[in-house]
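Here the protein sequences line up with chains R and C, keeping their order.
Here the working numbering is used: the first residue of the first sequence is 1, the next is one more, and so on.
Here the working numbering is used: the first residue of the second sequence is 1, the next is one more, and so on.
By construction, these hints were calculated from the structure, which means they are not laboratory data.
Any given hint could turn out to be false.
Which bits of chain C does chain R cover? Going by a derived footprint, with three or more residues having C-beta under 8 Å, they are [unchecked claim]:
(1) 4 to 17
(2) 264 to 272
With a cut-off of at most 20 Å between alpha-carbon atoms, the simulated DMTMM-like pairs for lysine to aspartate or glutamate come out as follows [stated by the list, open to error]:
(3) C:7 x R:566
(4) R:466 x C:12
(5) C:8 x R:507
(6) R:466 x C:230
(7) R:466 x C:324
(8) C:66 x C:343
(9) R:539 x R:510
(10) C:7 x R:569
The beta-carbon is built from N, C-alpha and C at its ideal position, and this holds for glycine as well.
So you can see what is in the structure, the chains are spelled out below.
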Amino acid sequence: MIADLIETLKTDGRFRPRVEHVEILPAREPLYGALERPLPQALQSYLDRNKIRLYSHQCEAVDHLRSGKNVVITTPTASGKTLAFNLPVFETLLEDESATALFVYPTKALSNDQLKVLKEMERSCGVSIRPAIYDGDTPPSRRSAIREGARIIITNPHELHQILPWHQKWQSFLRRLCFVVFDEAHRYRGVFGSNVAFVIRRLRRLCRYSGSEPRFVLSTATLANPIELAEKLTGLPFELVDRDGSPRGRKHFVFYNPFFDAVGTLSTHQETRDLFVLFMRHSLQTLCFTASRRMAELIARWARDAVVESEPALSGRIASYRAGYLPEERRQIEDSLKRRVLSGVAATNALELGIDVGTLDGVVISGYPGTIMSTWQQAGRGGRGRGESVAALVAFQNPLDQYLMKHPSLFFGKSHEHAVIDLANPYILSGHVLCAAAEMPIVAAEDRAYFGDPLEGILEILSSEKLVRETPHGWVYAGRGRATEVVGLDRISEEVFRITCDGSILETMDRAQAFREAHRGAVFLHQGETYTVQEMDLKNHVIEAKRTDVDHYTRSLKIVDLTVLEELDRRRFGRFEARFGRLEVTEQFIGYKILKNEQVIATESLDLPPLVFRTAGLWFTVPEEIRRAVIEKNMHFGGGLHGIEHAMIGVMPLEVMCDRWDVGGLSTPGHPDTMQPTIFIYDGFEGGIGLTEKAYDLLPQLARLTFELVRDCPCLAGCPACVYSPKCGNENRPLDKKAAAFILESLLETMG
Amino acid sequence: MKSDRAKKEALERIGRRLREGLARSRDYRIVAEGEVMRRGISSFFYTEMDEGQYREAQRLKRRLLKENEGLRLEDVIPGEVIETGKGPCYLVRDRQSLGLRGLDPERTRQKILSDLKLIYGIGEATEKILKRQGYGTIEDLAGHPRFGRSAKEFMKLMDRRDTSNLLAWIGRWFQKSHPLAFLASGFHPDDDFIILDIETLGIFLRPIILLGVARLEGKGLTIHQYLVRDIEEEPAALAGLLSHLDGARAFITFNGRAFDIPYIRDRLAYYRMPGDLERNHFDVLHFSRRAWRGRFPDCRLTTLERNLLGVERAGDVPSSLVPEFYETYMRTGNAGPLIPIVEHNRMDLVTLANLFARLHEEWSF
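I would like the entire structure built from these sequences, with the hints used as guidance.
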């Protein structure tokens with residue numbers, strides 16, 4: 001079946017030109033390991049009863065954890081990571097009848113999934129652990145029983161943040177805490193991750209005063225810097241376990257490019273439908289991931305329509321799956337997938353990890369999901385275990401998707417993606433110092449270990465605002481209300497805009513995001529539903545939206561101005577000079593475009609006050625001789641710089657995990673602070689969040705990716721897949737693709 | 001240098017924003033008159049008050065500020081600075097005579113023993129039969145073939161006056177607010193009790209500013225109020241409370257089960273101060289609800305006090321404005337706004353003692 005499918009893709013004139021690459025990942029035999037010491041009888045029988053033999057990486061993790069080390073496990077989905085840390089946790093809980101463990105999961109599905117596993121292990125081992133979930137949905141009447149009785153508590157970072165001030169009620173649990181597990185730790189990056197890093201420090205601080213010093217276990221998907229991420233998240237040293245010993249079936253990975261000709265006769269969605277149908281016609285049970293709820297439903301419907309005449313039976317076995325369905329409906333779909341009653345399901349990422357749908361034969365991914373990591377996770381839903389499977393990535397016409405289509409080796413090689421955490425963002429840090437002061441008086445000499453050198457400066461500022469007080473007992477909290485209320489884990493600024501619809505709050509955003517995504521007239525998605533902003537009240541921070549069923553969408557346009565506040569580092573690359581430092585950025589949202597299928601149907605103007613913020617950024621200047629060379633060749637120098645800025649921001653997520661909206665840029669043939677042609681790229685967050693700092697370290701690689709993107713794009717004069725930017729406030733003018741390529745090439749030559 | 005200043009400026013901006021963010025979350029809010037009942041949603045987080053009450057309190061505050069301008073705390077509220085292991089704080093002492101009828105352990109004993117339902121296996125119907133057979137009290141049951149063992153066990157607790165286990169026993173068959181649970185307090189000698197009431201800067205996790213403790217001594221109440229002159233004195237005030245706990249075997253509070261005791265626990269944990277607050281606890285709020293629900297518009301302390309004790313408070317500060325009054329004192333250094341806080345707390349303690357006695361009259365005679 002799979003062989004036939006691959007054959008069709010490679011030979012059929014309809015598909016062949018679009019297949020940019022087929023990677024065959026060979027089947028691999030399992031690599032088993034041996035523990036340094038045998039497991040307690042109860043656990044060994046659990047393994048025997050379930051016919052489990054431990055893989056090499058699981059043994060490695062268990063050995064490290066037994067020797068008291070903190071461990072970060074980074075092996076693929078379904079390689080048995082959970083068991084690798086559940087074993088030593090259970091061993092400890094078996095040996096010490098009072099010991100407790102805390103498991104932190106980012107989603108409900110994963111929490112529920114883990115709870116099931118733990119309960120089964122508990123039953124099997126005949127030990128009393130009473131694992132329980134403690135989160136925002138836990139009824140108040142159950143809470144105290146869980147705190148007092150459960151020896152494993154599963155929660156999420158937001159709840160943990162809210163729990164810490166109540167440590168008195170948690171004393172008994174915290175005092176006995178032996179393990180803290182953070183699964184899916186790669187999700188703790190950027191603003192969210194940097195906040196979580198301080199929640200973890202606050203937890204460690206309270207543990208220390210309770211007399212416990214838990215070991216930490218982190219598990220992450222494959223990324224370039226697991227140890228750095230783990231150490232920054234927790235502030236502790238880690239051992240890495242990354243050699244996967246689990247077996248794997250043969251997998252074919254197809255890179256499918258509707259825009260192979262830079263034009264694209266059919267849209268990504270139509271191509272997705274055709275592949276989805278093709279997979280199912282080859283008797284492959286297939287999961288098709290789409291970016292929005294609407295597309296999940298449309299693709300399922302289109303696929304049914306496409307086969308209803310020829311294969312009416314198949315047509316009845318295609319469904320869609322998304323958030324917003326009733327729990328019973330969702331369970332029914334999950335179940336039908338598992339029992340292989342359904343042939344295909346088009347789903348949003350609501351069908352996330354932790355939701356068990358069994359093993360599928362094929363996965364079609366409509367559009368690059370934004371990180372290589374999550375692409376692998378989605379592709380991993382097919383062919384769990386040793387079955388053969390096939391996955392296809394269908395590209396959009398944007399730089400990331402197109403770069404990958406042209407350079408599949410980046411995808412299949414060693415990971416380049418860095419998860420970034422910034423411990424120096426003063427906004428995030430100050431917020432958590434305030435929370436910590438509300439949990440226990442801060443003693444600078446002791447607590448510097450958790451919050452770093454800026455601690456005292458921050459305390460003094462907080463004190464001048466009368467939020468903390470220096471007393472003989474330490475710095476104590478003196479503010480009103482609850483500190484945790486003004487510190488949200490997914491934002492930097494405590495300035496919150498509330499988006500409301502019919503009087504109820506849909507979500508909250510900080511100012512920058514609100515200006516960008518929720519200005520008057522903006523169309524935005526909330527849990528897959530489309531809303532249009534009616535009114536933005538700047539004074540009261542309230543945004544009124546209405547549910548609208550429209551098929552257009554909007555993009556805001558901004559112009560940027562910036563000044564250099566401080567240069568922190570300078571590096572030479574041949575004749576180029578790159579710098580990193582602090583910037584003050586002024587972003588002015590001047591209007592927005594209304595688009596339909598990537599076609600602009602109207603442009604509206606906006607009258608918003610400028611956003612002024614301080615952040616971190618990198619910049620590099622282009623030497624005079626290159627400017628002259630560009631002009632001599634009759635190319636547009638400014639257009640070249642502008643193109644590099646766009647393209648570099650476009651590919652940056654391949655090296656530094658972020659969204660292209662997370663960074664901003666400015667290019668100019670002459671900047672007053674450098675007196676030279678300069679390209680700036682900065683973190684789009686108050687105080688910076690470490691993105692451009694990491695990019696600065698990786699600048700040579702980043703410049704190469706940018707060059708390859710521009711060079712290898714088949715378009716003639718620039719397109720959305722290379723030098724165009726969807727958020728350019730200057731309507732993507734001037735742009736000169738050739739000049740961009742030329743400047744980048746000379747930049748790389750001189751870098752050697 | 002330029003960058004140092006820029007950094008400092010940025011930090012200042014952050015501090016200001018955090019303060020503004022917190023200022024938006026208020027512990028109380030004003031509701032236009034008549035709206036109080038309609039908006040009950042967030043009553044746990046906010047104490048709502050009507051506008052008239054709010055304005056009156058503001059007038060009181062202004063008057064106090066004017067009257068006490070330039071005076072020292074000692075002159076405004078007579079008391080003394082005491083030293084504790086955790087530093088100094090301010091102690092206000094008072095002695096209050098109570099026109100109480102003393103508790104009568106024998107009556108209490110009879111009342112409890114006459115409820116045969118306390119014995120396992122005896123329900124309403126069985127009790128009626130047993131009474132008809134001449135088993136008037138649990139004591140009489142001691143020789144009963146079926147209930148004798150359990151009855152003897154219960155008697156042992158009674159004779160030992162083991163209130164903790166008696167309460168646990170009663171709690172097995174009756175609600176915590178049942179009169180029998182209350183009557184068990186009759187076995188405590190007067191000096192076992194510690195009457196407790198705290199004033200705080202918020203509903204949770206904010207400093208305690210006044211800890212009021214009253215002990216029954218002779219025919220009256222001895223009151224100790226530990227006032228926090230500056231929030232750095234909170235640990236000292238907590239230490240002041242702890243100094244009363246030795247030998248005190250039971251708390252009397254008004255809603256202390258849900259509020260005062262857990263609150264004090266959180267504050268002790270905040271300062272990492274050890275302190276065991278496990279005591280028998282007679283929460284007058286719960287018993288009052290059972291005794292007087294429906295008789296008065298509500299069971300708030302001031303309502304009960306007005307209706308049962310005929311006390312009308314003048315110049316009182318509503319509980320929910322205590323933080324604001326205290327913050328005014330902190331800001332201005334003028335101790336005037338502290339007067340009604342200390343007085344309010346003292347009145348609460350006295351009223352608690354009186355309500356406690358009223359409940360005994362209500363249920364044991």
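Verification of the hints:
Here's how the stretch 4 to 17 of chain C fares: 10 of its residues keep a CB closer than 8 Å to some CB of chain R, so the rule of at least three is met and the hint holds. Here's how the stretch 264 to 272 of chain C fares: 7 of its residues keep a CB closer than 8 Å to some CB of chain R, so the rule of at least three is met and the hint holds. Between residue 7 (chain C) and residue 566 (chain R) the CA atoms are separated by roughly 10 Å; this keeps the pair inside 20 Å, and the hint holds. Our distance criterion of 20 Å between C-alpha atoms is met by residue 466 (chain R) and residue 12 (chain C), whose separation comes to about 12 Å.
In summary, the hint linking residue 8 (chain C) to residue 507 (chain R) is not supported, as the alpha carbons are separated by about 32 Å, beyond the 20 Å threshold. Note on residue 466 (chain R) and residue 230 (chain C): the hinted pairing holds, with a Cα-Cα distance of about 13 Å set against a maximum of 20 Å. For a cut-off of 20 Å, the pair hint linking residue 466 (chain R) to residue 324 (chain C) stands: about 15 Å separates their Cα positions. The hinted pair formed by residue 66 (chain C) and residue 343 (chain C) meets the criterion: a straight-line CA distance of about 18 Å does not exceed 20 Å.
Note on residue 539 (chain R) and residue 510 (chain R): the hinted pairing holds, with a Cα-Cα distance of about 14 Å set against a maximum of 20 Å. A hinted pair counts as satisfied when its Cα atoms are at most 20 Å apart, and residue 7 (chain C) with residue 569 (chain R) qualifies at roughly 17 Å.
Violated hint for the displayed structure: number 5, the only one.
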